[in-house]
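Order-wise, the sequence lines are chains V and H.
The first sequence begins at 1 in this note's numbering and counts up by one.
The second sequence begins at 1 in this note's numbering and counts up by one.
These aren't lab readings, by the way, just hints derived from the structure by calculation.
Just so it is clear, the structure is predicted and the values come from calculations on it, not from any experiment.
Here a beta-carbon is modelled for each residue, glycine too, at the ideal position from N, C-alpha and C.
Be a bit skeptical, because a hint or two may be false.
[What the hints assert, rightly or not] Some but not every residue of chain H turned toward chain V, in silico, with C-beta under 10 Å: (1) E94; (2) E111; (3) G119; (4) Y203; (5) D339; (6) G417; (7) R420; (8) Q425; (9) D487; (10) P622.
Now for the letters of each chain:
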Amino acid sequence: MRQNEVDPITVEIIRNRLESVANAMQFTLLRSAVAVIVKEGEDGSSGLFKTDGDTISQACACPIHLTSMRPAVQSVTAAYPIKDMAEGDSFILNDPYNGGSHLPDIIMVAPIFHGDEVVSFAAVLAHQEDVGGQEQGSMSANTRELYQEGLIIPPIPWMKGGRPFKPSHDMVRYNVRLPETVLGDLEAQYAACRIGVRGYCEMIASLGLDVIESSLDILFDQAERRMRAKIMQIPDGVYEFDDWVDSHRKERDRIPVACRVEVAGSGITVDFTGTAEQQDGPINVNLAGTESGAHATIKGLTDPDLPLNEGAVRAIRVVAPEGSLFNPTRPAPIALRGQICQRAYDAVLGALVPALGDDAVACPSGGNMVTSFGGRDQGGEFYGSSDLTTGGIGARSDSDGIDHIEHGFTNVQTPPVEAWESRYPVRVLEHELRIDSGGAGKFRGGLGVRRSFEILHGPVRSCHRHDRATSSPWGIFGGKPGARWRSYIRRVNGEIEVLHSKEVIELGTGDVLVRETGGGGGWGDPLERDPQRVLEDVLDRKVSVQAARDEYGVVLGRDGLSFDEAATAALRRKMADERGPATWTFDRGEDGCQ
Amino acid sequence: MHRIGIDIGGTFTDIAGYIDGTLYYAKAPSSPDIVQGVLDGVRMMLDETGVVPGENGIEIVHIHGTTIATNALLERKGARIGLLTTQGHRDSLELGRMKRSRLYDFRAPPESPGFLVPGRLRVGISERIDGQGTVVTPLDEKQVLAEVQRMIDVFAIEALAICYLNAYVNPEHEERSREILGQAFPDLLVSVSNRVNPVFREYERVCCTAFDAYVRPKVVHYVRQLEKGLAREGRGARLHLMQSGGGIASAEMTVAKPVSMFLSGPAAGVIAARYVGRASDRGNVIGIDVGGTSTDVCLIRDAKVQISREGRIGKYPLRVPMVDMETVGSGGGSIAWIDDGGGLHMGPESAGSVPGPACYGRGGRLPTSSDASVVLGFLNPDYFAGGTLRLEPDLAHGVIAELGSRLRLTPMEAALGMYRILVSQMAEAIKLVTVKRGVDPREFTMISFGGGGGLYAAAVARELGVAEVMVPRSPGTLSAFGLLVSDFETDGVKTLFIHNAALADVDEVEAEYRRLESHGEEELDREGLKDVPVRHRRTAEMRYEGQAYELEIPIDEPFDEPARQRAVDGFHEVHGLVYGHSNTARQVEIVNLRVVSYQAAEELPGEALSGDMPGDGDDVQPATARRAAFPVAGEVDAPVYHRLDLPAGAVVAGPAIIEQADTTIVVDRGQRVTIGDDGNLFIHCLD
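So that you can see chain V by itself, here it is in the shape it has in the complex (with noise of 0.2 Å):
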């Protein structure tokens, strides 16, 4: 059947089935699965592909898997001839370097029939609670190469016919921490893959495998060209951008990310060379992993609703240089690429600034901040859990940036302060918004937190990670900045110990760990700022009483309760007098350039 016998009803209608179908399955992954992180954190994505590895449609709770999927398709049909597959079977991996993201996500593949033909396959990845490796949950800071983060799967048969394949299970129950959960997320994944293959099937049998394929074509089509009319609207140059990633190494050094956009007619090009070498630390981001930054941010600023088909990413070329931190070669460890990865995401998000001007938005704070604690209770019982918090998003042309809020790449959870005080020996002294972190602007940045735990019963091990400690989230168009991230320890005696992004420590009885996360940035000139948000932002300690100066010149009435209108006029012509025009495009704050 030709495509344009397929009428646009049927096609809506295959549309939705499919989305249907994707969906379905993410929610029986979701239901069905038995880690934290999938169920709650909802770590996990689902979808349908071509046996090309083309996306047909995708359900997608995390944008970092964006375009995770395909590539493991492929990897599978490579190493496994699709003549051979049989209805029942299915194929995992999660090796970063052949079609998986980092170890703990594996992907599930399943084939699926139509009479003896594979016609399409069910795929589905879940962030496992463990797969080995150093340190429990496989997240390590300390890893210099792949082999200590964990178990690597190749593409291997995990069911056959419907049954377990007995030796990949063997394998994985004894190379993991935690089998009884690795293998029931497993199952979930594989029961998701099942109503993925169902769901397929039924459709097939009431509509016709022709009617559906010519469809896909339509729908990839009708995907694409509605991607390439919205980058048509972006001015055709070359836009290039440049940033930083903390090192994961202790001396407070960075290393440099480059971006370059090239936006023609209705396509885009996002190269990353000039990004910096691959690191010998678990900070390295794989070239699908950078491909999903890449693709998140454009769909943000053009389409967020466009449907997540192959079409939708035709538009879209994205080149990283092999050996360079976004696209590694092994053994290069990986495992904190979420971090890293959303600064591939920013830098898409900064080369676009000049291209976009009211479209464009600051940069968002950096990420979130994970935090894991293990020690033993008063009882003497082991205890172990995690802690995320976040920052506040970057200002937009006509609205303040959201505080603590997740930036677009995860969509996890803060734990609950009393979920943490009636369980754990610690005390959750301050929780609150961090004064002055959101980048001042005619619109200003959202607000980061301070977060602070003291141990009440030491020692306790912890592994804490986050980035941008070392580089600020820029403001554009006369924004100020937002502020970075920092973390410390108040030792018991009083004394500092400032840490760095990523690291391992010990804290004893009566230390307190304080974090704080980064603000986004600000978008337009500070001093011409409403000056009543000023004084609203003072009322509700977002910004001091000092900030309310120096950064928006603005000077409060006596009362605390109004500002001077006159004082304030003053102070700002004499500001903008000394400062000239604000007229530069980024400010990134100290040792950054303009």
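Based on the hints, put chain H in the right spot on chain V.
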């Protein structure tokens, strides 16, 4: 006992009465003055039934008061409130849990309801209770008084919320703050977290407490006005109000906890769907209520309404018991549009009621699903909503023809396409609601209520493999009917972490349940129905150790060792049902104990439900016929029947259209309608 139920909607107020053994229904345009609207409704029912005040007066009036609380939130017109929290944690309301409901979008709005209390009105108080309930830092009473004095003097707050950390374990500091504030500021309305929502997880609790304070002045005023009005004009009627969990509460109970009135609107419809389903021996029901902008979907299993403890209002957590329901974004006003890539879509944008679909003639210029139903011949322009709104077919044809021309389709093809897409969307959305809850829709009966469902229900059912659709006699006033059959309820909860449920101290747990029950009993003795026994339902929220979410498990009385074992076994079983796996080797925790104390609503006799039925079952003649296009039958001269003419036992084969004042029912080829003895209409949907 006589009862009147009043359901206040945006456009219409529905009134149901059960008086002297007979059911009455009435419909009136909603009054802008809600209090007056209620009083008018009561008077209308009294006049119609001729009940004499004082002699055999109306004893009880049940009201849906939802609009007051919900509108205060939607319009951001709640009270100016202050918030006292624990020092170091004053911003928890705004910080939220950091998760986003909308991915990718750089322009998304905030996720947390920080607007309820701006930072200047949030104060951290020097006090601290630890996770085990021990006081670590005593309450600074002077600071409490000074800060509230300042909030009143400087910001003129109208109400106050208090939520201290760990108050769910030990409410001492909250209670003491409430006490000293009551003495110092007797007129200040105060909501405290251990009374509103004494459950752990501080963000969800502070949201609930702040929402309670935010709507408190409005709700208190509304309830008092209603009481005054009823005393004046209601001839001795007592006022009760629907709560979001599907139970009825007294005016005093509502005033004590206004937050429980949020989202009580849809609850009555679900209660009613369960009632009419059970009355027809259908225990497994998918209820669908198709509105203008969206469709509400609820699941009823084994004739039990499912209650969610983790309710939301929009994206904000509102942790009061709520009838479990999902809203999907397809409705009669859903707009058809073509994207930049040339793809045709329906919704989620909707024309709402203003300007509404083009066929409403109120200036709508975009093609909606209602316009498609007019073009397809399903809707009778002269008999829409019983003739209260005359539809304009020419306007519908115009917008659909324009859309069709862009797709190279005839107007009829375009309209049929829109209808099919909408049906497919509803079916897929309902499928996902069932997948999430681990059930198979094919084992359910679909009950269609509200005005819009009849057009789509049979087609949606066919897509889902659902064999049977039931349309009650008066689907448009089913929510008002639900008010007449809801139990009188109160709800008690205690967070009690028991890390190994299998070894729980049975005496301690039994004592906690007894305390909750006697509290409920006292409340119902004071506030509840006269001469109706109080019963209790015990449950516990349990989880596997390490999980961050709980399941609610029924608990037997008394809580002895066998009951404890049944609770643990029950948890494993429910976990298996809900999540697809269980692990009996894993330790099970108890987090919360819950008791619902209730007085059951009086059952209505079957005759009351069926009302007057037309005589004989054999003689079924269509009233008329009109040209209509169906997905399966195609374009035909379809017979049109009047619902009220159809006697019990009547059988109508599709394609056909059945009209009644409050809905239009579309039946395609291969489907068949039968009328039950009780007047319910059943569509047998599968060939």
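Evaluation of the provided hints:
With a cut of 10 Å, the hint placing E94 (chain H) at the interface with chain V holds, because the nearest CB-to-CB distance is about 6 Å. A hinted interface residue such as E111 (chain H) counts as satisfied when its beta carbon comes closer than 10 Å to some beta carbon of chain V; here the least separation is about 6 Å, so the hint holds. The beta carbon of G119 (chain H) is positioned within 10 Å of a beta carbon in chain V (closest approach about 3 Å), and the interface hint is therefore held. A cut of 10 Å between beta carbons decides the hint on Y203 (chain H): the least distance to chain V is about 6 Å, and the hint holds.
Interface hint at D339 (chain H): satisfied, since its Cβ lies 5 Å from the closest Cβ of chain V, which is below the 10 Å cut-off. Nearest Cβ of chain V to the Cβ of G417 (chain H): about 3 Å, under the 10 Å cut. The hint holds. At its closest, the beta carbon of R420 (chain H) sits 6 Å from a beta carbon of chain V; the interface hint therefore holds under the 10 Å criterion. Contact between Q425 (chain H) and chain V, as hinted, is supported at the beta carbon level, the nearest pair being about 6 Å apart and thus within 10 Å.
Here the hint on D487 (chain H) is broken, as its CB sits about 30 Å from the closest CB of chain V, past 10 Å. Because the closest C-beta pair between P622 (chain H) and chain V is about 30 Å apart, greater than 10 Å, the hint is violated.
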